[in-house]
Amino acid sequence: MANASLDYQKDNWLHRNRMIITPWLFLLPGIIFFVIYVVYPIAESFRVSFYKWDGLGVPEYVGLKNYSDLFKDRAFEISLINNFKWLILYLLAIPAGLLISLFLNQNVRGIRLYKSLFFFPFVISQVVVGLVFSWFYLPNGGLLNEVLAVFGMGKINVLGDPKLATYGIIAAGLWPQTAYCMILYLTGLNSVDPEQIEAARLDGAKGSRMLWHVIIPQLKPATFIAFVVTIIGALRSFDLISIMTNGGPFGSTRVLSFYMFEKALSEYGFRMGYGAAIAVVLFLIMLCFIGYFLWSMYQDEKGR
Amino acid sequence: MHSILKTSVAAGATIAALSGPAFADLSGDLKIFSDMSNPAPRAVIEGMVERFGELHPDLNIELTVIDREAYKTQIRNFLTADAPDVANWYAANRMGPYVEAGLFEDISDLWAEPEIAEALASTKGAMTIDGAQWGVPYTYYQWGVYYREDIFAELGLSAPSTWEEELANCQVIVDSGRACYTIGSKFLWTAGGWFDYLNMRTNGFDFHMQLAQGEVAWTDDRVRATFANWRQLIDMGGFIADHQTYSWQEALPFMVNGEATAYLMGNFSVPHFREGGLTDDQLGFYQFPTIDASIAPAEDAPTDTFHIPANASNKEAAREFLRFVVSAENQTLINNGENLGQLPVNAASGVDDDEFLNAGFDMLSNNATGGVAQFFDRDFPAEMAAAGMEGLQEFMVFPDNLDDILERLEQTRQSVYE
Numbered sequence: 001m002a003n004a005s006l007d008y009q010k011d012n013w014l015h016r017n018r019m020i021i022t023p024w025l026f027l028l029p030g031i032i033f034f035v036i037y038v039v040y041p042i043a044e045s046f047r048v049s050f051y052k053w054d055g056l057g058v059p060e061y062v063g064l065k066n067y068s069d070l071f072k073d074r075a076f077e078i079s080l081i082n083n084f085k086w087l088i089l090y091l092l093a094i095p096a097g098l099l100i101s102l103f104l105n106q107n108v109r110g111i112r113l114y115k116s117l118f119f120f121p122f123v124i125s126q127v128v129v130g131l132v133f134s135w136f137y138l139p140n141g142g143l144l145n146e147v148l149a150v151f152g153m154g155k156i157n158v159l160g161d162p163k164l165a166t167y168g169i170i171a172a173g174l175w176p177q178t179a180y181c182m183i184l185y186l187t188g189l190n191s192v193d194p195e196q197i198e199a200a201r202l203d204g205a206k207g208s209r210m211l212w213h214v215i216i217p218q219l220k221p222a223t224f225i226a227f228v229v230t231i232i233g234a235l236r237s238f239d240l241i242s243i244m245t246n247g248g249p250f251g252s253t254r255v256l257s258f259y260m261f262e263k264a265l266s267e268y269g270f271r272m273g274y275g276a277a278i279a280v281v282l283f284l285i286m287l288c289f290i291g292y293f294l295w296s297m298y299q300d301e302k303g304r
Numbered sequence: 001m002h003s004i005l006k007t008s009v010a011a012g013a014t015i016a017a018l019s020g021p022a023f024a025d026l027s028g029d030l031k032i033f034s035d036m037s038n039p040a041p042r043a044v045i046e047g048m049v050e051r052f053g054e055l056h057p058d059l060n061i062e063l064t065v066i067d068r069e070a071y072k073t074q075i076r077n078f079l080t081a082d083a084p085d086v087a088n089w090y091a092a093n094r095m096g097p098y099v100e101a102g103l104f105e106d107i108s109d110l111w112a113e114p115e116i117a118e119a120l121a122s123t124k125g126a127m128t129i130d131g132a133q134w135g136v137p138y139t140y141y142q143w144g145v146y147y148r149e150d151i152f153a154e155l156g157l158s159a160p161s162t163w164e165e166e167l168a169n170c171q172v173i174v175d176s177g178r179a180c181y182t183i184g185s186k187f188l189w190t191a192g193g194w195f196d197y198l199n200m201r202t203n204g205f206d207f208h209m210q211l212a213q214g215e216v217a218w219t220d221d222r223v224r225a226t227f228a229n230w231r232q233l234i235d236m237g238g239f240i241a242d243h244q245t246y247s248w249q250e251a252l253p254f255m256v257n258g259e260a261t262a263y264l265m266g267n268f269s270v271p272h273f274r275e276g277g278l279t280d281d282q283l284g285f286y287q288f289p290t291i292d293a294s295i296a297p298a299e300d301a302p303t304d305t306f307h308i309p310a311n312a313s314n315k316e317a318a319r320e321f322l323r324f325v326v327s328a329e330n331q332t333l334i335n336n337g338e339n340l341g342q343l344p345v346n347a348a349s350g351v352d353d354d355e356f357l358n359a360g361f362d363m364l365s366n367n368a369t370g371g372v373a374q375f376f377d378r379d380f381p382a383e384m385a386a387a388g389m390e391g392l393q394e395f396m397v398f399p400d401n402l403d404d405i406l407e408r409l410e411q412t413r414q415s416v417y418e
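Residue numbers (my numbering), protein chains in the order written: chain A, 1 to 304; chain B, 1 to 418.
It is possible that part of the hints are untrue.
Derived list of chain B stretches under chain A, where covered just means 3 residues or more per stretch with a C-beta under 8 Å from a C-beta of chain A [what the hints assert, rightly or not]: (1) 86-96; (2) 185-192; (3) 239-247; (4) 311-325; (5) 376-383; (6) 390-397.
Over the 12 Å line for every Cβ pair with chain B, so calculated as not near, a few chain A residues [as the list claims (entries may be wrong)]: (7) F26; (8) Y67; (9) I124; (10) N140; (11) A149; (12) F151; (13) G152; (14) I215; (15) F283.
It should be emphasised that the hints constitute simulated quantities derived from the structure, not laboratory data. As the structure is a prediction and not an experimental result, all values here were calculated from the model. We put the beta carbon where it would ideally sit given N, CA and C, even for glycine.
Sequences are here, hints too, so could you generate the full structure?
Okay, here's the thing in structure tokens:
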């Protein structure tokens, strides 16, 4: 009897393939949600971008017209350029975060307090950061102009000047992002191998050589994460723009995510197809980074 | 699609039922979605619901007040998915998308009733699309120039009625170290008000409406003439600096502190001036001056409205609520100084005794012979309005970019109205 039941178990298809099926079963809930909330919306965005649709009536198929319109649209061009400004300048958060974490990575009285103060901007909402910075930049009575006046410089209206406004918002965004990178590096520094530092010191390395050849290579995992979160942060810079300038003055601070929202969902928008076309372009840009991240993680896993 | 077909059949049935005596006892649920979320309007809609409920004790009224800005995007969802029986919105082109999509109920039958037809005649045009009416107004308010009477007196100026007087006044004001006008154009629409007035004074109401309908090119010489007039004020330093950074509320202190002497604004700004400490002796109002004497004056007077969604379930009660809203008695009450502080639309209702309401009522009834427009972003289709207002803001900061701006707007016009 016992043998018979064992044979039965062995013959069971489920049992025979359990090494293959189990991981899939564990993955299944994740895959279902990923398909519903990520893959399907992406496919739907691609589909909607071929239509002219106001969100209410019947969509009208227009082929690639939304895309050809995009490339004639100056507002889109400005948004795209601004996106690249964000991507490049936002990376400054990484060296700045590293610098602050090196500075804070010491044992003095009250260091926990200093660390939390530096981390503070990341804890508060982006909306508050935006408000604080827009008051800081106020042309009348803002702190920035008061400080400039001390040095005998004239007033500038950062957020009202189409040439400066984007940089003004990026500076505001760097404040919490630097704090984020700092915390990543602080945890990274905890895992730096003291023996290697000792050895390097015996070999006569110190200062910047020690930093460059011994510390930073060991911080590589932290740098990778900092890079990932900073790129993601730069590409979703929506809230600060909405709070600080609302895309203005005359559209000079828009980025793709903001322009997509304006065209598809804001008070004067509801060009769903056009908005979807912008979303697709943004997705393709993100895809470059996503591809790179996946590739480098894959390389890491393979190396182990 | 199915549900729309079904409800239009249902709607027909309701209309047939309604052709009987209108004062049948109402029962069931009445669901009202409102955007009257600021404190005073909120009290008004709550008061209206309460009084309407007393008239119809068997009716279970459910009121949902939604933040005014959030409402503008939510309306699209709830009109299609979970329609209330009554909803707020705005007149003119702003209701176009919902009318075209068949989401608002045709209520021409209400407008055919003698009381409504006569009492609301002034706004019938703004509620009409494709020869039918789609909602009823509950309030409107005038736009015009609010100015510092005391500073004008100090400088020996009087309220201008012509463009020459306006420019002469402004020169004196600028020479005294102030700006003639405060404005906060961060959210763009305030610049739309300036364009409305300048264009209606320079080219007249009919031309302005042709432009709104997309029948005239933005590069037209007549449009350029409007901008040339505007530029006179800009070049002489008539507007406060850095206005692109301020919201309209943030621009108020310039007027209250006397750094600017006037504000082209809607009547909803009056409580803010008063809260800022300006007394009625300091604050004055005048109609936007004439530019071309041969052109009849036209005014902006945005009208706020109630509608019945096409997918509503209790249209009988909804119609009765609309009748209640537009009644002379109700409109007198909700528009008085203690409530909305605006103008009633019903011709038989009384205007509260307030300096600015009286001035506005007088101006709109006697001195707006050219016509009454809604507002830049309600008369122009949404996409044109958005691009337009952005261009207007840019013009106010960099007037030299005009050619480039007009080219861009013309491009937008050609794609919007095709």
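Status of each hint after checking the structure:
no.	hint	verdict
1	86-96	violated (count 0)
2	185-192	holds (count 3)
3	239-247	holds (count 4)
4	311-325	violated (count 0)
5	376-383	holds (count 3)
6	390-397	holds (count 5)
7	F26	holds (36 Å)
8	Y67	holds (14 Å)
9	I124	holds (22 Å)
10	N140	violated (7 Å)
11	A149	holds (16 Å)
12	F151	holds (21 Å)
13	G152	holds (20 Å)
14	I215	holds (44 Å)
15	F283	holds (23 Å)
In the structure shown, a violation is registered for the earlier hints numbered 1, 4, 10, in ascending order.
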